[in-house]
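Student: What follows is each chain in one-letter form.
There are 2 protein chains.
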Amino acid sequence: MSLSFQQNFKLGILGGGQLGRMLIQSGIDFNIPFAILDPDRQAPCSALAEFHTGKLTDFDTVMKFGAACDIITIEIENVNTAALKELVKQGKKVFPQPDVIELIQDKRTQKIFYRDSGIPTAEFVLTENAADVRRHASFLPAVNKLGREGYDGRGVQILRSEKELANAFDAPGLLEKLIDFEKEISVIVARNEQGEVKTFPVVEMVFHPVQNLVEYLFAPAELPTAIAKEADTIARTIIDSLKMVGLLAVEMFVTKDGKVLVNEIAPRPHNSGHQTIEANITSQYEQHLRAILNLPLGDTSMVIPGAMVNLLGEPGHEGVAQYQGFEEVARVSGVHVHLYGKRFTKPFRKMGHVTIVDYDLARLREKTMFVKETLKVIAS
Amino acid sequence: MSLSFQQNFKLGILGGGQLGRMLIQSGIDFNIPFAILDPDRQAPCSALAEFHTGKLTDFDTVMKFGAACDIITIEIENVNTAALKELVKQGKKVFPQPDVIELIQDKRTQKIFYRDSGIPTAEFVLTENAADVRRHASFLPAVNKLGREGYDGRGVQILRSEKELANAFDAPGLLEKLIDFEKEISVIVARNEQGEVKTFPVVEMVFHPVQNLVEYLFAPAELPTAIAKEADTIARTIIDSLKMVGLLAVEMFVTKDGKVLVNEIAPRPHNSGHQTIEANITSQYEQHLRAILNLPLGDTSMVIPGAMVNLLGEPGHEGVAQYQGFEEVARVSGVHVHLYGKRFTKPFRKMGHVTIVDYDLARLREKTMFVKETLKVIAS
Chain W
1 MSLSFQQNFK
11 LGILGGGQLG
21 RMLIQSGIDF
31 NIPFAILDPD
41 RQAPCSALAE
51 FHTGKLTDFD
61 TVMKFGAACD
71 IITIEIENVN
81 TAALKELVKQ
91 GKKVFPQPDV
101 IELIQDKRTQ
111 KIFYRDSGIP
121 TAEFVLTENA
131 ADVRRHASFL
141 PAVNKLGREG
151 YDGRGVQILR
161 SEKELANAFD
171 APGLLEKLID
181 FEKEISVIVA
191 RNEQGEVKTF
201 PVVEMVFHPV
211 QNLVEYLFAP
221 AELPTAIAKE
231 ADTIARTIID
241 SLKMVGLLAV
251 EMFVTKDGKV
261 LVNEIAPRPH
271 NSGHQTIEAN
281 ITSQYEQHLR
291 AILNLPLGDT
301 SMVIPGAMVN
311 LLGEPGHEGV
321 AQYQGFEEVA
331 RVSGVHVHLY
341 GKRFTKPFRK
351 MGHVTIVDYD
361 LARLREKTMF
371 VKETLKVIAS
Chain C
1 MSLSFQQNFK
11 LGILGGGQLG
21 RMLIQSGIDF
31 NIPFAILDPD
41 RQAPCSALAE
51 FHTGKLTDFD
61 TVMKFGAACD
71 IITIEIENVN
81 TAALKELVKQ
91 GKKVFPQPDV
101 IELIQDKRTQ
111 KIFYRDSGIP
121 TAEFVLTENA
131 ADVRRHASFL
141 PAVNKLGREG
151 YDGRGVQILR
161 SEKELANAFD
171 APGLLEKLID
181 FEKEISVIVA
191 RNEQGEVKTF
201 PVVEMVFHPV
211 QNLVEYLFAP
221 AELPTAIAKE
231 ADTIARTIID
241 SLKMVGLLAV
251 EMFVTKDGKV
261 LVNEIAPRPH
271 NSGHQTIEAN
281 ITSQYEQHLR
291 AILNLPLGDT
301 SMVIPGAMVN
311 LLGEPGHEGV
321 AQYQGFEEVA
331 RVSGVHVHLY
341 GKRFTKPFRK
351 MGHVTIVDYD
361 LARLREKTMF
371 VKETLKVIAS
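Chains W and C are the protein sequences, given in the same order.
Under UniProt numbering, the first residue of the first sequence is numbered 1, with each subsequent residue one higher.
Under UniProt numbering, the first residue of the second sequence is numbered 1, with each subsequent residue one higher.
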């Protein structure tokens, strides 16, 4: 069978950030022509594909962009789903499906979905505003989340005591019991139109203590087999329940008493899968493309253990980015630096990531710490 | 140290074919802005970087293109070296150096260089024209090579008997003793400005019986350690003798009596290194970029055994390319298809390649044969 995407075809991506950039990089192998929509004309994808500047949340902009594409996908959830639904009606393929994006856009509907589908997750109450949050003092310590538009650590805060209730978000959101977890893990799962499902091996994430961003991760996660299996099953159950086509990242807590609870899901390539480019047979990016093009899913096996360090803008630095220590880390065997092509840095901005691979897990950890301490994004 | 190539920098590539395309794909990780010069406005690189249409052999065209770049490299040898020399005088960095490109452009000067540097190579005589070739009947069976502009199997023919002397090339070239070889192998070696040198493990190539193109290859080569070591030493000796900066592919014969003889060299990424993208810690493309940017060279170790199959246009097909069997091969674990984005196919045109990785060598060979038999480039 010859495949349609190799000639006279266009794959549209809503969002032109680093995830789109790595999708394009992967799609070069399959000769996929991409079109990108992003509000920032200097977005990481801008020089690598047909690029359109426009708002992802604007109905007409998304309609016009999508009309010129054959398949439309996303690399960020905050997009106009009404336009995507209309494009589906007009015969376009949109993966992940607009109703899945909509469900995930709101952390409240996400939580209701877990509860209704029997997916284990932390206990929660929905809250409508700050006053409503303050009525739930007995629920503390808790995590207060905004329903919509939280991203990369924004819209999420911990409320430990009644005193901290003063900071409560004053918009529809939720309170979630603070989980005293042992580990944070992630499983990335893919599903194509035929319903084929494959999961990547579980990875273990370490978050930045303040910024609520993945600071670094290790694959494979050090976990009892039963717990890894449980996490894998949960990821499969979620994507099957949603009948979603594409890639879904499932972030989970492992509690101190060995329970697995779903924290959040993202229907796209994810920060917790960057290391698959070097460490697995198929990368998460190729897997997403395979899923939405209805190709057979790729083998997700790990070839070599990997770690990933997010390269965040150094606090106190704002301006044209410079990469201090680049040469020092490039000298270390198994270190792969990925820069996202962002001209300007600011504190904690995701400027790139570094994958480290090594057969020896102790050496892998050592190299990871060296990268974390050596490579810095400063302003020139 | 912050590095200059991450802002306000341009890397120019002479040639916009598949090797350039994979250099760009690799360079995305280091955030390298590329400019490409190629005569074909639909060249594989055309949609992926700043693209200029023009002749690589034209002095003024190369001068104008190079003047706007900081470093200039090549992905094909047939370029105007006078312009490159002038660019060096004007302070540009040109890697590989123009005099190395010039030496390699002519198979006659290449052979003289081997002889003068004590590099083992097949016995040869220089020939000026067809009549001159015919005077060397006693040298048969031999390979008759044109001095200049042979590429991808063109400009090379075997003359077995006096009768075949009628086909002799009528231009400056050479006759080389036909080697009754056991294997054809390749070593890719890199050198940066500091003189650091690293080789990739030896690979074993199988050539198309008629087209003189690499049909498929295996890495690692099955060779006695002493012979692999000899091949490695030869590659290092050549790049050191040339003081070349960049990547050099050294193709060699292993004779039935266990000698290693240099066949040809190419001062750029090479068909015999494609599998390094998936199978080695550092790919040949990243290594070339590291070498010419004067970064520390990357670890060349193999992570997993790999094979590579060239995807050539099917004989009898000419027109818009279609990839028959794409889905079938995509289903096989460890198969990575790389399409070069060429719209039109013709018989034996290099349209892409497939890398296959597997820890089990028998399975690797089996999968390689399956890919060779299944994936075909036909015209729609």
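Rather than coming from a laboratory, the hints here were simulated on the basis of the structure.
Among the hints, a few may not be true.
A pair counts as met if it fits within one copy or between any two copies, since identical chains are not told apart.
Calculated cross-link-like contacts (lysine to aspartate or glutamate; reagent style DMTMM-like; alpha-carbon spacing at most 20 angstroms) [as the list claims (entries may be wrong)]: (1) Lys229 <-> Asp70; (2) Lys89 <-> Glu50; (3) Lys89 <-> Glu149; (4) Lys198 <-> Glu327; (5) Lys64 <-> Asp132; (6) Lys229 <-> Asp170; (7) Lys198 <-> Glu328; (8) Lys85 <-> Glu184; (9) Lys85 <-> Asp232; (10) Lys10 <-> Glu327; (11) Lys346 <-> Asp170; (12) Lys256 <-> Glu318; (13) Lys177 <-> Asp299; (14) Lys243 <-> Asp132; (15) Lys89 <-> Glu222; (16) Lys259 <-> Glu327; (17) Lys259 <-> Glu128; (18) Lys229 <-> Glu128; (19) Lys85 <-> Asp360; (20) Lys92 <-> Asp40; (21) Lys89 <-> Asp116; (22) Lys55 <-> Glu327; (23) Lys372 <-> Asp60; (24) Lys183 <-> Asp40; (25) Lys229 <-> Glu215.
Student: Against each hint, give a clear statement of whether it holds in the structure.
Tutor: For each hint, the structure was consulted:
Neither within a single protomer nor between protomers do lysine 229 and aspartate 70 lie at most 20 angstroms apart by alpha-carbon distance, with minima of 37 angstroms and 52 angstroms respectively. With identical chains, the CA atoms of lysine 89 and glutamate 50 are never at most 20 angstroms apart, being 25 angstroms at best within one copy and 37 angstroms at best between copies. Proximity of lysine 89 and glutamate 149 under a CA criterion of 20 angstroms is satisfied in neither setting, with 26 angstroms inside one chain copy and 56 angstroms between copies. For a Cα distance limit of 20 angstroms, the shortest separation of lysine 198 from glutamate 327 across copies, 17 angstroms, qualifies, whereas the shortest one inside one copy, 37 angstroms, does not.
Within a single copy, lysine 64 and aspartate 132 get their C-alpha atoms no closer than 40 angstroms, and across copies no closer than 68 angstroms, so neither meets the 20 angstroms cut-off. For the homomeric pair lysine 229 and aspartate 170, neither the shortest alpha-carbon distance inside one copy (39 angstroms) nor that between copies (70 angstroms) is at most 20 angstroms. Only between protomers do lysine 198 and glutamate 328 lie at most 20 angstroms apart by alpha-carbon distance; the minimum there is 18 angstroms, versus 37 angstroms within a single protomer. In this assembly of identical chains, lysine 85 and glutamate 184 lie within 20 angstroms of each other by CA distance neither inside one copy nor across copies; the values are 34 angstroms within and 57 angstroms between.
For the homomeric pair lysine 85 and aspartate 232, neither the shortest alpha-carbon distance inside one copy (30 angstroms) nor that between copies (59 angstroms) is at most 20 angstroms. Only between protomers do lysine 10 and glutamate 327 lie at most 20 angstroms apart by alpha-carbon distance; the minimum there is 19 angstroms, versus 38 angstroms within a single protomer. In this assembly of identical chains, lysine 346 and aspartate 170 lie within 20 angstroms of each other by CA distance neither inside one copy nor across copies; the values are 27 angstroms within and 65 angstroms between. Within a single copy, lysine 256 and glutamate 318 get their C-alpha atoms no closer than 40 angstroms, and across copies no closer than 64 angstroms, so neither meets the 20 angstroms cut-off.
Proximity of lysine 177 to aspartate 299 under the C-alpha cut-off of 20 angstroms is found in neither arrangement, the shortest distances being 37 angstroms within a copy and 47 angstroms between copies. For the identical chains of this complex, lysine 243 and aspartate 132 are neighbours neither inside a copy (34 angstroms) nor across copies (73 angstroms), given an alpha-carbon limit of 20 angstroms. Proximity of lysine 89 to glutamate 222 under the C-alpha cut-off of 20 angstroms is found in neither arrangement, the shortest distances being 45 angstroms within a copy and 57 angstroms between copies. Neither within a single protomer nor between protomers do lysine 259 and glutamate 327 lie at most 20 angstroms apart by alpha-carbon distance, with minima of 43 angstroms and 40 angstroms respectively.
Neither within a single protomer nor between protomers do lysine 259 and glutamate 128 lie at most 20 angstroms apart by alpha-carbon distance, with minima of 29 angstroms and 81 angstroms respectively. In this homomeric assembly, lysine 229 and glutamate 128 never come within 20 angstroms of each other (Cα to Cα): the closest approach is 37 angstroms inside a single copy and 72 angstroms across copies. In the homo-oligomer, the alpha carbons of lysine 85 and aspartate 360 never lie at most 20 angstroms apart, since the shortest distance is 48 angstroms inside one protomer and 47 angstroms across protomers. Taking CA atoms no more than 20 angstroms apart as the test, lysine 92 paired with aspartate 40 passes in neither setting, with 25 angstroms inside one copy and 33 angstroms between copies.
Taking CA atoms no more than 20 angstroms apart as the test, lysine 89 paired with aspartate 116 passes in neither setting, with 28 angstroms inside one copy and 72 angstroms between copies. Taking the closest pair of Cα atoms, lysine 55 and glutamate 327 never come within 20 angstroms of each other, the shortest separation being 38 angstroms inside a single copy and 36 angstroms across copies. Within a single copy, lysine 372 and aspartate 60 get their C-alpha atoms no closer than 43 angstroms, and across copies no closer than 47 angstroms, so neither meets the 20 angstroms cut-off. Within a single copy, lysine 183 and aspartate 40 get their C-alpha atoms no closer than 36 angstroms, and across copies no closer than 54 angstroms, so neither meets the 20 angstroms cut-off.
Proximity of lysine 229 to glutamate 215 under the C-alpha cut-off of 20 angstroms is found in neither arrangement, the shortest distances being 25 angstroms within a copy and 42 angstroms between copies.
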